[in-house]
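Peer 1: What follows is the residue order along each chain.
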Amino acid sequence: MSTPHGGTLVDHTASKKKSARLKEETREMKSIRLTSGLRKDVQNLANGVYSPLTGFLCGNDFDWVLEESRLSDDTPWTLPIILDVTEEQRKELSIGEEISLLTEEEEPFATLEVEELYGFDKKRMARKIYGTEDQDHPGVKRVMNMKDHLVGGDILQFKKNSTDFEKFHLTPKETRILFREKGWRTIVGFQTRNVPHMGHEYVQKTALSFVDGIFINPIIGKKKAGDYRDEVILAAYDTLMDKYYLKGRAVMSILEAEMRYAGPKEAVFHAIMRKNFGCTHFIVGRDHAGVGDYYGPYDAQDIFDEFPDLDITPVFFKSFTYCEKCGGAVDGHICPHDDKNRENFSGTKMRNMFKEGKTPPEHMMRPEVAKTVLRYEDKFVGDQK
Amino acid sequence: MTEKNYTTVSIPKPLAKKIKKRMEGTGFNSMSSYVTYVLRQVISSMEEEEKAEEFSKEDEEKVKERLRALGYLD
Numbered sequence: 065m066s067t068p069h070g071g072t073l074v075d076h077t078a079s080k081k082k083s084a085r086l087k088e089e090t091r092e093m094k095s096i097r098l099t100s101g102l103r104k105d106v107q108n109l110a111n112g113v114y115s116p117l118t119g120f121l122c123g124n125d126f127d128w129v130l131e132e133s134r135l136s137d138d139t140p141w142t143l144p145i146i147l148d149v150t151e152e153q154r155k156e157l158s159i160g161e162e163i164s165l166l167t168e169e170e171e172p173f174a175t176l177e178v179e180e181l182y183g184f185d186k187k188r189m190a191r192k193i194y195g196t197e198d199q200d201h202p203g204v205k206r207v208m209n210m211k212d213h214l215v216g217g218d219i220l221q222f223k224k225n226s227t228d229f230e231k232f233h234l235t236p237k238e239t240r241i242l243f244r245e246k247g248w249r250t251i252v253g254f255q256t257r258n259v260p261h262m263g264h265e266y267v268q269k270t271a272l273s274f275v276d277g278i279f280i281n282p283i284i285g286k287k288k289a290g291d292y293r294d295e296v297i298l299a300a301y302d303t304l305m306d307k308y309y310l311k312g313r314a315v316m317s318i319l320e321a322e323m324r325y326a327g328p329k330e331a332v333f334h335a336i337m338r339k340n341f342g343c344t345h346f347i348v349g350r351d352h353a354g355v356g357d358y359y360g361p362y363d364a365q366d367i368f369d370e371f372p373d374l375d376i377t378p379v380f381f382k383s384f385t386y387c388e389k390c391g392g393a394v395d396g397h398i399c400p401h402d403d404k405n406r407e408n409f410s411g412t413k414m415r416n417m418f419k420e421g422k423t424p425p426e427h428m429m430r431p432e433v434a435k436t437v438l439r440y441e442d443k444f445v446g447d448q449k
Numbered sequence: 007m008t009e010k011n012y013t014t015v016s017i018p019k020p021l022a023k024k025i026k027k028r029m030e031g032t033g034f035n036s037m038s039s040y041v042t043y044v045l046r047q048v049i050s051s052m053e054e055e056e057k058a059e060e061f062s063k064e065d066e067e068k069v070k071e072r073l074r075a076l077g078y079l080d
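Sequence order for the protein chains is A and B.
Under my numbering, the first residue of the first sequence is numbered 65, with each subsequent residue one higher.
Under my numbering, the first residue of the second sequence is numbered 7, with each subsequent residue one higher.
Pulled out of the complex, with its shape left as it was, chain B reads as follows (with noise of 0.2 angstroms):
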């Protein structure tokens, strides 16, 4: 992708140390793809943590009926 989509953040160097340490063996190619990587798993599971699901009522008993007719619901 073009240059124009990254950013920049500063991060304390003995941390940069001990990401390049943790990346060894890895397979990652530079420091900002690993930190990406970990960036967005991280990211991730704290939205997947917030979200709730819901349907409103109304909905709810429509999708039932359709279920119960189709025979997917007792």
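If we strip away everything but chain A, and leave its shape as in the complex, we get (with noise of 0.2 angstroms):
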């Protein structure tokens, strides 16, 4: 198994005890209320996911993941986990004061030890993580976006954030002791947005065939108009894994995280959050984290050159079609076949199928998958009435 990115595995979670007398004390405290995806980012930096970081970034690490995609440890780190505040509340903050940070719904569930405030240019920061400045990109939009201040310091949290599917959420801590006790050595870890079609399942089991186990990870948490919803994405992949996995070699939890877009640097950052739960491989497929076509289709694959002491191992993929002469999925290295042979694994072919209430040909997907898909009335984010 990985040992945890940077050597230890961070846990800023309060004890019981330090919980009860913060949640009084966290009253008195200034406050800074977070939105839904800094609130996932405070969870996964108090629980591991984010090792060896303790807490939101100072200027001086922020610097280095900006101009060498590593901390100022020399740590391989490419996304700048950062808190932005208004210039209101910058001037109230002192450096060395503890604040509460709030829910958006203003309950108070973790603290931050304010370390440093300092600005940021964001057309900077755009440049530096999204190769571009154009405001299209939904990731640079974000940033322009942003308060015009950062505040970094550590974070402690004491209250858990609450989730529609605790039974799918596993932190590092519980993945790792998971993974020894099933004798696991060599994981491979595999992100996905998406309900799994036959083009996964082919990729996911390509790679289990070298490793003892695969750990199928979904992120959850805000998605497009028209993506699947997070509830139809895990009960297709819980059927799938039924029927069509050994039940002792494949793992699935949730990532509670927001997607960036950043394309090759988040592919990093993807592979490093995987590293923490144990994985010593990660797939890294055709344009992984990308939008619209601000990327190479291998960029994302590429970068790994640049990280000789990432210590997990990327498993890459090219594309992958069905061929109906080999009768599956394949891909450029295995099948001899010219393309009048082959078949995309269409995902928008396959979600206008669902939206009439047709089930997608079972060479794209497993029946029973699709069956699983089409039970539920609003399938797509947005379909809720």
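Don't read these hints as lab results, they were simulated from the structure.
Bear in mind the structure is a predicted one, so any value in this text is a computation, not a measurement.
Where a beta carbon is used, it is the ideal one built from N, C-alpha and C, also for glycine.
Among the hints, erroneous ones may be present.
What the hints assert, rightly or not - Just the calculated beta-carbon pair ranges, DEER-fashion:
1. A:R91 <-> B:G77: 28 to 34 angstroms
2. A:D200 <-> B:R28: 32 to 38 angstroms
3. B:G77 <-> A:Y440: 57 to 63 angstroms
4. A:P361 <-> B:I25: 30 to 36 angstroms
5. B:K24 <-> A:G247: 28 to 34 angstroms
6. A:K87 <-> B:E66: 24 to 30 angstroms
Join the two chains, each given in its own frame, into one complex according to the hints.
Peer 2: Pasting the structure below:
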């Protein structure tokens, strides 16, 4: 199993006793209300998903991440985990002060020890992280809409975020103990935001052939209209794993985080998070975490050459299709037939079929998985009445 | 990154020659970036070997209990 990134698995969750005390004390503290995305960041900092980070980045680390894709101690780190505040909030805060972090519903759930307050150049951040200043890029747009100042410092979480998917929510500590109990020494991580089709199954099982277990880790969080709803994705995977995976070889757990659409830099970030869950390998597909045509199809694979010290092995897959002659999913390495025999695993096509209440063909999706998806009246974000 | 984040180390000239030769065709455009790459690889594999993971007994039991309750462990 991989050692945690940076060497130590961070645990910044308060003990029961301390939590009880902080619940009272935070009522007297200055506070900042966080968005649901930032709240997820706090939870990921607290339970070690973002190890070795113990809080929001201070200025020196922020600069290092932007310029070198590393923390100031040389540890690989590609996306800045930062907390933005307004000018008014900045004026109210003092260095060394402990403040309360609130949920969107204004419930205190964590504290932050203010270590540094600093300004930042949003255009520079957009350029360095996303490779563009184009505000049509959702990540850039998000950066340009951030407040003007950043606050860095360690966090301590005393109230866990509530989730609708408790059954599927495991922390890195839990997955590490689980993998060890299962006797897995090599584990491949798979990131997903979709219901599984036959192409996904091909990729997962090909990788699984070479390791002890697969860790399927869907990202749960804010999605675009038209994306599958979280519960649909989880139910579809649950069905697939129940019917077509060896029970002792596959584990699914959710990752509550927001997509940044930073393409190559996000692919490395995704690998680091899975390393913290204990994975030794991580599947990186075509245009991983990309959006539009901002990144080349294999930029997210090439970037791994820059990190000889990442200590998680990326497993690269080029595009894969269904080949009628081979009778299954294939990629360019294994199929000698030409394009007229091949059919793309088109997510859009399958989504459109579901919208019309139709079942995708069996060579595209397992019938049991399709049946599970069709069971939901509200399959997609924006469908809710 | 600004120059203040870098430092200079001295290595024997014959070794530098060997490194230069070894660099040929690798795509690295300077000896510094090549040596940085190699050292990061070496140090990280050394660190990997040195680390052992430990959780307290109490933590382990608590986690295993939850994993059993959720059906991840028998």
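Peer 1: Give a verdict on every hint.
Peer 2: Right, here's what the structure says about each hint:
{"no.": "1", "hint": "A:R91 <-> B:G77: 28 to 34 angstroms", "verdict": "38 angstroms, violated"}
{"no.": "2", "hint": "A:D200 <-> B:R28: 32 to 38 angstroms", "verdict": "44 angstroms, violated"}
{"no.": "3", "hint": "B:G77 <-> A:Y440: 57 to 63 angstroms", "verdict": "23 angstroms, violated"}
{"no.": "4", "hint": "A:P361 <-> B:I25: 30 to 36 angstroms", "verdict": "34 angstroms, holds"}
{"no.": "5", "hint": "B:K24 <-> A:G247: 28 to 34 angstroms", "verdict": "44 angstroms, violated"}
{"no.": "6", "hint": "A:K87 <-> B:E66: 24 to 30 angstroms", "verdict": "27 angstroms, holds"}
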